[in-house]
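Protein chains in written order, with our numbering: chain A, 291 to 403; chain B, 17 to 129.
Each hint should be verified, as a subset may be incorrect.
To be verified - Residues on chain B that point at chain A, a partial pick, calculated with CB under 8 Å:
(1) 41
(2) 45
(3) 48
(4) 56
(5) 66
(6) 68
(7) 69
(8) 110
(9) 111
(10) 114
(11) 115
(12) 117
(13) 123
(14) 127
(15) 129
Claimed, not checked - Cut-off 35 Å, straight-line C-alpha distance, at most; resulting in silico cross-link-like pairs (DSBU-like, lysine-lysine):
(16) A:368 x B:85
(17) B:65 x A:396
(18) A:352 x A:396
(19) A:368 x A:396
(20) B:116 x A:305
(21) B:116 x A:301
(22) A:305 x B:40
(23) B:116 x A:352
(24) A:352 x B:40
Hints listed in this document are in silico derivations from the structure and should not be mistaken for laboratory results.
Computed from a predicted model, the values in this text were never measured in an experiment.
Beta carbons are placed, not taken as given, at the ideal position from N, Cα and C, and that holds for glycine.
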Amino acid sequence: NAGVIQTPRHKVTGKGQEATLWCEPISGHSAVFWYRQTIVQGLEFLTYFRNQAPIDDSGMPKERFSAQMPNQSHSTLKIQSTQPQDSAVYLCASSSTGGTEVFFGKGTRLTVV
Amino acid sequence: AQSVTQPDARVTVSEGASLQLRCKYSSSVTPYLFWYVQYPRQGLQLLLKYYSGDPVVQGVNGFEAEFSKSNSSFHLRKASVHWSDSAVYFCAVSIPGGYKVVFGSGTRLLVSP
Chain A
291 NAGVIQTPRH KVTGKGQEAT LWCEPISGHS AVFWYRQTIV QGLEFLTYFR
341 NQAPIDDSGM PKERFSAQMP NQSHSTLKIQ STQPQDSAVY LCASSSTGGT
391 EVFFGKGTRL TVV
Chain B
17 AQSVTQPDAR VTVSEGASLQ LRCKYSSSVT PYLFWYVQYP RQGLQLLLKY
67 YSGDPVVQGV NGFEAEFSKS NSSFHLRKAS VHWSDSAVYF CAVSIPGGYK
117 VVFGSGTRLL VSP
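Could you build the full structure based on these sequences and the hints that come with them?
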């Protein structure tokens, strides 16, 4: 079991460019989460999928952020027109069922210059 | 909605000393509780979890935590810390039957030689 896999580990984008982050959850896990981690805000919930369906995107900034889960083996987080304030570590996590222990990937560090 | 408070942003202890990291939760029902650890440039890793039963739960690397319903607490303890325990520790809570795991702001532990 390779755990939750996130790619790339680091991404640098110019202001206004698009960034796509990838996540491969643990096989057989039905719940997938995205979190954003910064020094100032800590660990923020972004969005949640269950059996590939979007259930809760209450933490997603509405205008430029979107997440998809086209199949059970991967999810993507897309940020359009990136801004410096989007710089953060984006963590993907999965669990066998929502609400129980979640398993985290190592994160993608996004830097917007 | 459930919430978690970790009142200590930073804790410094000497190697070999005992440790307690504090966690207070707020929940309308008896929650599920977790402690996670994050090493530099890594995702969060589960240390231990409480679902029900014995209020003292054992985790990896000699860590344990005690659930107290009367105090709404889930403090993490270790009898003798090692320099490799230096990391950020997160307490988290979820609701049975729910899906969202809510994290505290984290406590940065520094173990001095």
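Cross-check of the supplied hints:
1. Violation of the interface hint for residue 41 (chain B) is found here, the shortest Cβ-Cβ separation to chain A being roughly 14 Å, above the 8 Å cut-off.
2. A cut of 8 Å between beta carbons decides the hint on residue 45 (chain B): the least distance to chain A is about 12 Å, and the hint is violated.
3. Restraint check, residue 48 (chain B) versus chain A: the minimum CB separation of about 6 Å is within 8 Å; hint holds.
4. Interface hint at residue 56 (chain B): violated, since its Cβ lies 11 Å from the closest Cβ of chain A, which is beyond the 8 Å cut-off.
5. Against a cut-off of 8 Å between C-beta atoms, the interface hint on residue 66 (chain B) is violated, since the closest Cβ of chain A lies about 11 Å away.
6. Below 8 Å, beta-carbon pairs count as interface contacts, and residue 68 (chain B) has none with chain A, the closest being about 12 Å; its hint is therefore violated.
7. A cut of 8 Å between beta carbons decides the hint on residue 69 (chain B): the least distance to chain A is about 15 Å, and the hint is violated.
8. Satisfaction of the interface hint for residue 110 (chain B) is found here, the shortest Cβ-Cβ separation to chain A being roughly 4 Å, below the 8 Å cut-off.
9. Given the 8 Å rule on beta carbons, the hint for residue 111 (chain B) holds: about 6 Å separates it from the nearest Cβ of chain A.
10. For residue 114 (chain B), the interface hint holds, since its Cβ comes within 8 Å of a Cβ in chain A; the closest pair sits about 5 Å apart.
11. Hint status for residue 115 (chain B) relative to chain A: holds, with the closest Cβ pair at about 3 Å, below 8 Å.
12. For residue 117 (chain B), the suggested interface contact is upheld, since its CB lies about 6 Å from the closest CB of chain A, less than 8 Å.
13. The restraint placing residue 123 (chain B) at the interface with chain A is violated, with a minimum CB-CB distance near 11 Å, outside the 8 Å limit.
14. The closest approach between the C-beta of residue 127 (chain B) and any C-beta of chain A is roughly 21 Å, which is over the 8 Å cut-off, so the hint fails.
15. Given the 8 Å rule on beta carbons, the hint for residue 129 (chain B) is violated: about 26 Å separates it from the nearest Cβ of chain A.
16. Taking the CA atoms of residue 368 (chain A) and residue 85 (chain B), the gap is about 41 Å. The hint is violated against a cut of 35 Å.
17. A hinted pair counts as satisfied when its Cα atoms are at most 35 Å apart, and residue 65 (chain B) with residue 396 (chain A) qualifies at roughly 20 Å.
18. With a CA separation close to 25 Å, the supplied pair residue 352 (chain A) and residue 396 (chain A) stays within the 35 Å bound.
19. Using a Cα cut-off of 35 Å, the hinted pair residue 368 (chain A) and residue 396 (chain A) holds, with the two alpha carbons roughly 18 Å apart.
20. With a C-alpha separation of about 32 Å, the suggested pairing of residue 116 (chain B) with residue 305 (chain A) holds against the 35 Å cut-off.
21. Annotation: proposed proximity of residue 116 (chain B) to residue 301 (chain A) holds, straight-line Cα distance about 27 Å (limit 35 Å).
22. At most 35 Å may separate the alpha-carbon atoms for a hinted pair to count; residue 305 (chain A) and residue 40 (chain B) exceed this at roughly 40 Å.
23. For the hint pairing residue 116 (chain B) with residue 352 (chain A), the CA-to-CA distance comes to about 19 Å; that is within 35 Å, so the pair holds.
24. Annotation: proposed proximity of residue 352 (chain A) to residue 40 (chain B) holds, straight-line Cα distance about 31 Å (limit 35 Å).
Comparing the model with each earlier hint shows violations of hints 1, 2, 4, 5, 6, 7, 13, 14, 15, 16, 22; every other hint is respected.
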